[in-house]
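K.L.:
Chains P and B are the protein sequences, given in the same order.
The opening position of the first sequence corresponds to residue 1 in this note's numbering, with each subsequent residue numbered one higher.
The opening position of the second sequence corresponds to residue 1 in this note's numbering, with each subsequent residue numbered one higher.
You may find that some hints are simply not true.
[As the list claims (entries may be wrong)] Simulated restraints, written as ranges between beta carbons of each label pair: (1) P37/P to D117/B: 34 to 42 Å; (2) A34/B to P37/P: 55 to 63 Å; (3) N220/B to E127/P: 49 to 57 Å; (4) R124/P to L30/B: 40 to 48 Å; (5) S11/B to P37/P: 52 to 60 Å; (6) R124/P to S15/B: 35 to 43 Å; (7) P37/P to L30/B: 32 to 40 Å; (8) L86/B to R124/P: 48 to 56 Å; (9) K143/B to R65/P: 57 to 65 Å; (10) A20/B to R124/P: 38 to 46 Å; (11) P37/P to A20/B: 53 to 61 Å.
Hint data in this document are derived by calculation from the structure and do not stem from the laboratory.
Even for Gly, the Cβ is constructed at its ideal location relative to N, Cα and C.
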Amino acid sequence: MARITLENITKKYREKAALIDLSLDVADNEFFVLFGPAGAGKTTLLKTIAGIEFPQEGRVKIDGRVVNLVEPMYRNVSMVFENYALYPHMNVYDNIASPMRSRLYRKDEAHIREQVTRVTKMLRIDELLDRKPNQLSNGQRQRVAIGRCLVRSPNVFLMDEPLAHLDAKLRHFMRGELKEMQSAFNTTTIYVTHDYMETMSLADRIAVLDEGRIRQLGTSLEMYYTPSDEFVARLFGEPEINIFDGELEEKEGVLTLRALGQEEPLPLEEDVAAALRAAGRGKVHVGLRGGDVSFRFSEEPGWIRGSVYTNEPIGNKVIMVVDVRGTQIYLVAPNDTQTEIDRPVWIGLNMKNAIFFEAESGQYIVRHDAEGVCRKRGKTWPS
Amino acid sequence: MHTQMEWKETSVRKSQALSAVASLARNLGLTLYALFALFPLVWMVICSLKTDAEMYNTVFRFTPTLSNYNAVLLGTDYFNAFFQNLIVAGGAVVLTIVAGVPAAYALARYDFKKKEDLAFQILSFKFAPEILVILPIFTIFQKIGLYDTYFGLIWVYQLITMPLVIWVVRGYFEEISVEIEQAAQLDGYKWFDVFFKILVPLIKPGLVASALLAFIFAWNSFTFPLVLSGFKIQTMTITSLRYIASDTVHYGQVAVAALVAVSPEILACLFIQKHLVRGLSFGAVKG
Chain P
1 MARITLENIT KKYREKAALI DLSLDVADNE FFVLFGPAGA GKTTLLKTIA
51 GIEFPQEGRV KIDGRVVNLV EPMYRNVSMV FENYALYPHM NVYDNIASPM
101 RSRLYRKDEA HIREQVTRVT KMLRIDELLD RKPNQLSNGQ RQRVAIGRCL
151 VRSPNVFLMD EPLAHLDAKL RHFMRGELKE MQSAFNTTTI YVTHDYMETM
201 SLADRIAVLD EGRIRQLGTS LEMYYTPSDE FVARLFGEPE INIFDGELEE
251 KEGVLTLRAL GQEEPLPLEE DVAAALRAAG RGKVHVGLRG GDVSFRFSEE
301 PGWIRGSVYT NEPIGNKVIM VVDVRGTQIY LVAPNDTQTE IDRPVWIGLN
351 MKNAIFFEAE SGQYIVRHDA EGVCRKRGKT WPS
Chain B
1 MHTQMEWKET SVRKSQALSA VASLARNLGL TLYALFALFP LVWMVICSLK
51 TDAEMYNTVF RFTPTLSNYN AVLLGTDYFN AFFQNLIVAG GAVVLTIVAG
101 VPAAYALARY DFKKKEDLAF QILSFKFAPE ILVILPIFTI FQKIGLYDTY
151 FGLIWVYQLI TMPLVIWVVR GYFEEISVEI EQAAQLDGYK WFDVFFKILV
201 PLIKPGLVAS ALLAFIFAWN SFTFPLVLSG FKIQTMTITS LRYIASDTVH
251 YGQVAVAALV AVSPEILACL FIQKHLVRGL SFGAVKG
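Construct the complete structure from the given sequences, taking the supplied hints into account.
P.N.:
This is the structure we're talking about:
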């Protein structure tokens with residue numbers, strides 16, 4: 001129910017900077033995900049919005065109003081803390097009811113009962129209302145913390161890894177519930193996670209954070225298909241994207257790529273070739289997702305020979321690692337694939353989906369039909 | 001199948017018998033310890049009921065008398081000393097809580113220069129023997145008019161009570177994660193409400209236990225009231241000396257005085273026993 005704007009936020013703990021000149025604009029009713037590795041500043045950013053950490057520089061705005069000097073209780077935000085921060089001396093019911101019993105947001109007991117029943121049913125903790133937090137498992141505590149957050153209708157929900165301690169099945173279920181609820185309630189949500197699946201399924205928009213700065217801002221499709229650099233590319237997708245060296249070769253007016261020690265050069269799409277020519281570099285890094293690498297156990301013309309390094313079944317698919325002259329290529333194989341280690345294997349690269357990065361800086365250069373893939377509807381992930 | 005059932009039954013019976021023996025042994029041990037621990041108290045009660053003449057009888061036979069009680073409680077102003085002691089020790093503990101809990105909070109939460117030095121300085125008040133500092137305090141108190149006043153004693157008792165409460169309660173505050181306070185703020189509680197609704201219940205065991213100990217130390221203090229008061233204010237510890245006359249010691253009267261003196265401590269301990277056990281063992285507030 002509010003738009004959150006951060007302008008040039010810098011936050012330091014002693015000498016160490018947690019956020020550096022960071023600006024962000026989260027639209028009203030948006031489900032915004034902050035994604036990044038540990039120590040990137042995600043939690044600090046949430047706490048800055050909540051008002052429990054104060055930035056040294058920059059402005060925090062809620063609905064256009066500067067709230068730098070507004071105490072946290074008056075900001076009307078609600079937050080799930082990573083370590084739950086439940087009140088140990090209160091039972092589950094009182095914990096969840098707590099925001100509606102404070103002087104500022106007081107509601108009558110009938111309303112409280114109704115609301116607590118609603119969220120505890122949804123979170124499947126309605127059996128535990130009389131328990132104290134120390135009688136709960138971590139997953140249950142986390143759900144109580146989510147309940148305490150969702151029971152109100154604040155300006156913004158701030159969620160710090162709210163699903164991290166749930167088991168896989170429940171996490172999947174809760175992911176759906178959160179998304180459903182967010183669209184039903186029309187409430188701005190800022191969500192911190194380091195799970196890329198959560199990020200991609202929930203987010204309207206994503207900010208990838210690293211060392212206190214935003215690396216990339218965009219939709220999940222943009223993150224996946226046109227990452228701003230190798231760092232972002234590696235964060236999204238399982239198995240991790242393959243990034244290997246490539247050398248551009250101009251022959252008779254046609255630009256081709258030599259990679260993985262092959263004699264035969266790989267063909268390039270026209271738009272890609274044009275952009276690479278414009279960038280004017282001989283050496284590039286090529287990023288290719290595991291789903292864009294095919295394999296055969298018999299020789300194919302134009303395919304690259306390697307040997308099986310590992311073969312790891314993970315349920316619905318098999319992750320195979322192929323060694324090509326010292327470079328390891330991850331690929332996704334059907335889940336009935338069985339092979340022994342060191343068996344010769346031929347791999348084919350779908351260069352249409354290759355992403356090209358600058359060799360030195362790792363910055364994104366180009367991919368084929370970038371606009372087209374990012375406009376794609378329906379999230380069907382190749383891997 | 002049948003034998004299995006039988007085997008199960010015998011094993012159940014066996015383990016039941018075993019646990020019965022274990023609980024018997026445990027109770028026996030505890031009873032023995034209780035006798036050992038309570039004996040001085042019982043002895044004191046017996047002494048208080050004897051006349052001075054029967055005091056040295058080793059035989060456990062005497063005619064109980066209330067003459068000692070009569071002499072101490074009605075014959076002297078012992079009750080007066082009791083209440084004065086209560087004011088001084090109680091006042092000292094109240095002041096310690098009012099000033100010490102915020103100090104403990106500050107030491108636990110805020111980061112400031114020389115924090116650890118300050119905390120250690122507070123603890124070090126307990127290091128020096130009272131007799132070592134009593135003389136300068138005496139001269140100072142004489143000069144500034146605090147000699148023989150309630151406030152003077154309450155103030156100087158802070159040396160005994162404050163370090164204890166600050167250090168125990170600080171540990172409790174440190175155990176409470178900052179995020180709990182922050183969560184309460186986001187829930188719409190002002191700092192004052194956060195403190196009383198969230199923090200105080202969580203530090204209560206430690207606060208109660210350390211306050212009780214502080215009270216006992218203040219109640220039993222001898223050196224400070226001996227030197228820093230005398231005419232208007234007399235605490236029990238000083239008054240009790242009166243029953244040791246120069247020619248004879250009235251053991252019966254001493255026993256009565258001692259019984260009265262320990263009674264508030266015993267009562268307080270019984271009332272807050274629950275907190276006392278939990279209170280001084282840390283880690284009680286883990287969420």
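K.L.:
CB of N220/B to CB of E127/P, is that within 49 to 57 Å?
P.N.:
51 Å, holds
K.L.:
CB of P37/P to CB of L30/B, is that within 32 to 40 Å?
P.N.:
Once the Cβ atoms are compared, 56 Å apart, the range 32 to 40 Å for L30/B and P37/P is violated.
K.L.:
Look at the Cβ atoms of R124/P and S15/B and judge whether their distance stays inside 35 to 43 Å.
P.N.:
38 Å, holds
K.L.:
Please check whether A20/B and R124/P have a Cβ separation lying inside 38 to 46 Å.
P.N.:
43 Å, holds
K.L.:
I want to verify a distance hint. Is the separation of the beta carbons of S11/B and P37/P within 52 to 60 Å?
P.N.:
Given range 52 to 60 Å: holds, Cβ gap about 55 Å.
K.L.:
Is the distance from the Cβ of P37/P to the Cβ of A20/B consistent with 53 to 61 Å?
P.N.:
59 Å, holds
K.L.:
May I ask you to test the hint 40 to 48 Å on the CB atoms belonging to R124/P and L30/B?
P.N.:
At roughly 45 Å between Cβ atoms, L30/B and R124/P fall inside 40 to 48 Å, so the hint holds.
K.L.:
State, for the Cβ atoms of L86/B and R124/P, whether the hinted interval 48 to 56 Å holds or is violated.
P.N.:
55 Å, holds
K.L.:
Should the hint that A34/B and P37/P are 55 to 63 Å apart at their CB atoms be regarded as holding?
P.N.:
The hint (55 to 63 Å, Cβ to Cβ) holds, given that A34/B and P37/P are roughly 60 Å apart.
K.L.:
Has the hinted range 57 to 65 Å been met by the Cβ atoms of K143/B and R65/P?
P.N.:
59 Å, holds
K.L.:
Between P37/P and D117/B, is the Cβ distance one that fits in 34 to 42 Å?
P.N.:
Because 38 Å falls inside the window, the suggested range holds.
Hint 7 from the list above is the single one not met by this structure.
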